[in-house]
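Number of protein chains: 2
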Amino acid sequence: MNKTLLQELRQGIIPEWLNQLAEKEEISLNNLVDNILKGEAVVLGHRTNRGPMVVGKGVKTKVNANIGASTLTSNLETELRKLKAALKAKADAVMDLSLAENIKEIRKKILASSPVPVGTVPIYEEATLARTKRGATVRLDADEFFTVIEDQMKDGVDFVTVHCGVTKRLVEKLSEKPRLAGIVSRGGAITAAYIKHTGNENPLYEYYDRLLDIAEKYDCVLSLGDGMRPGAINDASDFFEVGEQEILGELQKRAFERGVMTMIEGPGHVPLHLVAESVKRIKALTNNAPLYLLGPLVTDIAPGYDHITSAIGAAVAGMSGADFICYVTPSEHLGLPSEQDVFDGVIASRIAAHAADITKGLESAIKWDEELSIARRDLDWDRQIALSIDPEKARRIRKERSGEGACTMCGEYCVFLVLKDVEEINADLVKK
Amino acid sequence: MNKTLLQELRQGIIPEWLNQLAEKEEISLNNLVDNILKGEAVVLGHRTNRGPMVVGKGVKTKVNANIGASTLTSNLETELRKLKAALKAKADAVMDLSLAENIKEIRKKILASSPVPVGTVPIYEEATLARTKRGATVRLDADEFFTVIEDQMKDGVDFVTVHCGVTKRLVEKLSEKPRLAGIVSRGGAITAAYIKHTGNENPLYEYYDRLLDIAEKYDCVLSLGDGMRPGAINDASDFFEVGEQEILGELQKRAFERGVMTMIEGPGHVPLHLVAESVKRIKALTNNAPLYLLGPLVTDIAPGYDHITSAIGAAVAGMSGADFICYVTPSEHLGLPSEQDVFDGVIASRIAAHAADITKGLESAIKWDEELSIARRDLDWDRQIALSIDPEKARRIRKERSGEGACTMCGEYCVFLVLKDVEEINADLVKK
Numbered sequence: 005m006n007k008t009l010l011q012e013l014r015q016g017i018i019p020e021w022l023n024q025l026a027e028k029e030e031i032s033l034n035n036l037v038d039n040i041l042k043g044e045a046v047v048l049g050h051r052t053n054r055g056p057m058v059v060g061k062g063v064k065t066k067v068n069a070n071i072g073a074s075t076l077t078s079n080l081e082t083e084l085r086k087l088k089a090a091l092k093a094k095a096d097a098v099m100d101l102s103l104a105e106n107i108k109e110i111r112k113k114i115l116a117s118s119p120v121p122v123g124t125v126p127i128y129e130e131a132t133l134a135r136t137k138r139g140a141t142v143r144l145d146a147d148e149f150f151t152v153i154e155d156q157m158k159d160g161v162d163f164v165t166v167h168c169g170v171t172k173r174l175v176e177k178l179s180e181k182p183r184l185a186g187i188v189s190r191g192g193a194i195t196a197a198y199i200k201h202t203g204n205e206n207p208l209y210e211y212y213d214r215l216l217d218i219a220e221k222y223d224c225v226l227s228l229g230d231g232m233r234p235g236a237i238n239d240a241s242d243f244f245e246v247g248e249q250e251i252l253g254e255l256q257k258r259a260f261e262r263g264v265m266t267m268i269e270g271p272g273h274v275p276l277h278l279v280a281e282s283v284k285r286i287k288a289l290t291n292n293a294p295l296y297l298l299g300p301l302v303t304d305i306a307p308g309y310d311h312i313t314s315a316i317g318a319a320v321a322g323m324s325g326a327d328f329i330c331y332v333t334p335s336e337h338l339g340l341p342s343e344q345d346v347f348d349g350v351i352a353s354r355i356a357a358h359a360a361d362i363t364k365g366l367e368s369a370i371k372w373d374e375e376l377s378i379a380r381r382d383l384d385w386d387r388q389i390a391l392s393i394d395p396e397k398a399r400r401i402r403k404e405r406s407g408e409g410a411c412t413m414c415g416e417y418c419v420f421l422v423l424k425d426v427e428e429i430n431a432d433l434v435k436k
Numbered sequence: 005m006n007k008t009l010l011q012e013l014r015q016g017i018i019p020e021w022l023n024q025l026a027e028k029e030e031i032s033l034n035n036l037v038d039n040i041l042k043g044e045a046v047v048l049g050h051r052t053n054r055g056p057m058v059v060g061k062g063v064k065t066k067v068n069a070n071i072g073a074s075t076l077t078s079n080l081e082t083e084l085r086k087l088k089a090a091l092k093a094k095a096d097a098v099m100d101l102s103l104a105e106n107i108k109e110i111r112k113k114i115l116a117s118s119p120v121p122v123g124t125v126p127i128y129e130e131a132t133l134a135r136t137k138r139g140a141t142v143r144l145d146a147d148e149f150f151t152v153i154e155d156q157m158k159d160g161v162d163f164v165t166v167h168c169g170v171t172k173r174l175v176e177k178l179s180e181k182p183r184l185a186g187i188v189s190r191g192g193a194i195t196a197a198y199i200k201h202t203g204n205e206n207p208l209y210e211y212y213d214r215l216l217d218i219a220e221k222y223d224c225v226l227s228l229g230d231g232m233r234p235g236a237i238n239d240a241s242d243f244f245e246v247g248e249q250e251i252l253g254e255l256q257k258r259a260f261e262r263g264v265m266t267m268i269e270g271p272g273h274v275p276l277h278l279v280a281e282s283v284k285r286i287k288a289l290t291n292n293a294p295l296y297l298l299g300p301l302v303t304d305i306a307p308g309y310d311h312i313t314s315a316i317g318a319a320v321a322g323m324s325g326a327d328f329i330c331y332v333t334p335s336e337h338l339g340l341p342s343e344q345d346v347f348d349g350v351i352a353s354r355i356a357a358h359a360a361d362i363t364k365g366l367e368s369a370i371k372w373d374e375e376l377s378i379a380r381r382d383l384d385w386d387r388q389i390a391l392s393i394d395p396e397k398a399r400r401i402r403k404e405r406s407g408e409g410a411c412t413m414c415g416e417y418c419v420f421l422v423l424k425d426v427e428e429i430n431a432d433l434v435k436k
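Chains A and B supply the protein sequences, listed in that same order.
Going by my numbering, the letters in the first sequence line up with residues 5 to 436, in that order.
Going by my numbering, the letters in the second sequence line up with residues 5 to 436, in that order.
One thing to keep in mind: the hints can contain errors.
Treat identical chains as interchangeable: a pair holds within one or across any two.
As the list claims (entries may be wrong) - Derived BS3-like pairs: lysine-lysine, alpha-carbon spacing no greater than 30 Å straight-line:
{"#": "1", "residue 1": "K181", "residue 2": "K364"}
{"#": "2", "residue 1": "K94", "residue 2": "K284"}
{"#": "3", "residue 1": "K172", "residue 2": "K284"}
{"#": "4", "residue 1": "K181", "residue 2": "K371"}
{"#": "5", "residue 1": "K371", "residue 2": "K177"}
{"#": "6", "residue 1": "K88", "residue 2": "K112"}
{"#": "7", "residue 1": "K284", "residue 2": "K371"}
{"#": "8", "residue 1": "K403", "residue 2": "K177"}
{"#": "9", "residue 1": "K88", "residue 2": "K397"}
{"#": "10", "residue 1": "K88", "residue 2": "K403"}
{"#": "11", "residue 1": "K284", "residue 2": "K364"}
{"#": "12", "residue 1": "K397", "residue 2": "K94"}
{"#": "13", "residue 1": "K364", "residue 2": "K397"}
{"#": "14", "residue 1": "K92", "residue 2": "K397"}
{"#": "15", "residue 1": "K364", "residue 2": "K257"}
No wet-lab data here; the hints were simulated from the structure.
The shape of chain A in the complex, shown without the other chains:
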């Protein structure tokens, strides 16, 4: 069996491509290797043609876009257009979250079409099998589930979300310690329903070593899912969220010891004053493994604008140490995202990730702002627009409302023109 990257690094074998990766990420090779060896950074897509891409300590905060069909809408062509929208907005990874009968077909096509790492949630495929073959989503079959996982890794999936921390013990506690929004993770809900229905333990927890065997074989990154994540800010940092995180910390350790790279998934809905402490707590409970956050949304009241509620949470989370941001689109809580929603969701998350990268002191991030502001000061519109996160939109707004030189906002009273009235001031005011 081939060694995993982690196993190779432990033996002092450093693949050549890590050099380029380190250079691209503005980190020394030593530090990059060291962070991977500590389990604080993971590499996605290094065994496929969709990577390598690194998530974790010392590198840029990354952004993932979820795409995928549901049973009620969408199809392969639409989802491929959404993939394009995500890539146009420069997502660092995508997840195919299809939960529909043609799930395999969609996955294979997305894997074939994506130049960035692709993740999946295998329990979705297992749930469709349970539903279509055995009549109910809760009728999961443990053996079949592991086969599904292996099939997906064989197909070349770069990372999988596995809700290993939704244990029988936690599910049983649900009746004692109710929460406002219950379980809102689809994988978490399906797993909890299975446990309640059968009285069995979560197979991904009970047979975790079997999962590790498969992940090791394909050197696939495990993303330990947060099936108990809060679905309302009222439920944030509660018994179930923290209880699951404690379990994920133990499981991360076991995976890491085996040489399987692992990320931790995090919430969800978190009021702003708990975001920083949540990130720090999760990192502490999970051995500083790379943290992959969904949002967090800092309020529940803005369906239609959850790309904004989550950008607020993600920026603060990123500043506090989160490494990988799963986007949220404007249509979250209302419907499957459109192509435009996908684009807008990635941009909002990238703004949050970039705001965080500035606080992390990443030189290229800081330089980007400097260069744009110099172009702005100099009224160099072409350069300002070229440096914008979405040049197309910036150009469109400017064109719709352009003046000559100054923009229509201030017109002849543009600060940069007013100050030109007094030449000596202008010379003083700006760094040459």
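Since chain A is already given, all that's left is putting chain B on it; use the hints.
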């Protein structure tokens, strides 16, 4: 001369309407009066039919929308439509920032049309007079300027931004300590240019008592402008920003002693890791006066999306103690906002303000999230949409992509439906 509200309260005279205001704001009358008496809260619009509205300690974080024409575009009708858009999105106040020849006409019409407090920046009118009568923006006339201010207050303006802290001493330092983006406040730039051009002191600083006389006469709230605010994150918390804040602290104290209610304006462009400390520093330097923030934008690289970059900054600033958020629209840095930009800007700022209010422990804010999440959990779409910050948009997205019961995001695998498969779970999972 009539007493100002602050002077009345100091004499133990408590106007009847303060009771309703306290009730509306979920604060005890005692605390409200106390906060005003300490200068930590101010009331806008109490002498006109557009208030009273309170900004400061212990009450909801408020949102202002800037409207107004520029020399290059827009007209009265357009600006009145923008006023409507701001009100539809539930702005708590508007500022007429017109910098055009028909500035008086626009102001009077906006004052007559707005049910919420209206602010202005009198130096804009003085600048148009300087330009049209004397040929150059920098040819301000001190006497004329004070007449403009008094005229505006006589017209019934509820608050005015006055850039009193742009002093000769600070402007002279600009050549020694250059900054990346220079001065980006229009009022600040005009004042600095005037100082450089004439060698005179800023008249609003030199004759500050004259300004206080007028403000006292009309009991108009002074908003001490941040003419030296950073226009690039690179310039945040620099010598000029902090130097001006020190001056504003002294001026706030003098106004407060005179019985004139005063707010402090703040930046601007601030990297995320400096937002909380900036708010705390400004509050410390300015006697905990209500803080009125523009943004702050946490990155410079997203023209077209500055409602998002500023929502991130505003939420964190609000959590750290900011009281009043001036919106930023998607067209900031590119052109005068459209009606849709105005609407989107107010909503983004309201999301930030609400996220902050949750952290401030405001009961009605917390309850709003709870109620919406209960409706969401119960798949009560009508109620979820009615409780949304923008029901129209939420309804539109839902309608475009609706399924029956569950939304198209998860379809038949909706967590709330999956769990219904197992009735007992459903009973356990949610708080009744």
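Against the structure, the hints:
1. K181 with K364: between (38 Å within a copy, 26 Å between copies)
2. K94 with K284: within (28 Å within a copy, 36 Å between copies)
3. K172 with K284: Close inside one copy (27 Å), not across copies (46 Å); limit 30 Å.
4. K181 with K371: Only across copies: K181 and K371 sit 20 Å apart there, 49 Å inside one copy, limit 30 Å.
5. K371 with K177: between (50 Å within a copy, 26 Å between copies)
6. K88 with K112: within (16 Å within a copy, 50 Å between copies)
7. K284 with K371: both (28 Å within a copy, 27 Å between copies)
8. K403 with K177: For K403 and K177, neither the intra-copy (58 Å) nor the inter-copy (37 Å) Cα distance is at most 30 Å.
9. K88 with K397: both (17 Å within a copy, 25 Å between copies)
10. K88 with K403: Both. Shortest intra-copy (25 Å) and inter-copy (25 Å) distances satisfy the 30 Å Cα cut-off.
11. K284 with K364: both (15 Å within a copy, 21 Å between copies)
12. K397 with K94: both (15 Å within a copy, 26 Å between copies)
13. K364 with K397: within (28 Å within a copy, 36 Å between copies)
14. K92 with K397: both (13 Å within a copy, 25 Å between copies)
15. K364 with K257: within (26 Å within a copy, 38 Å between copies)
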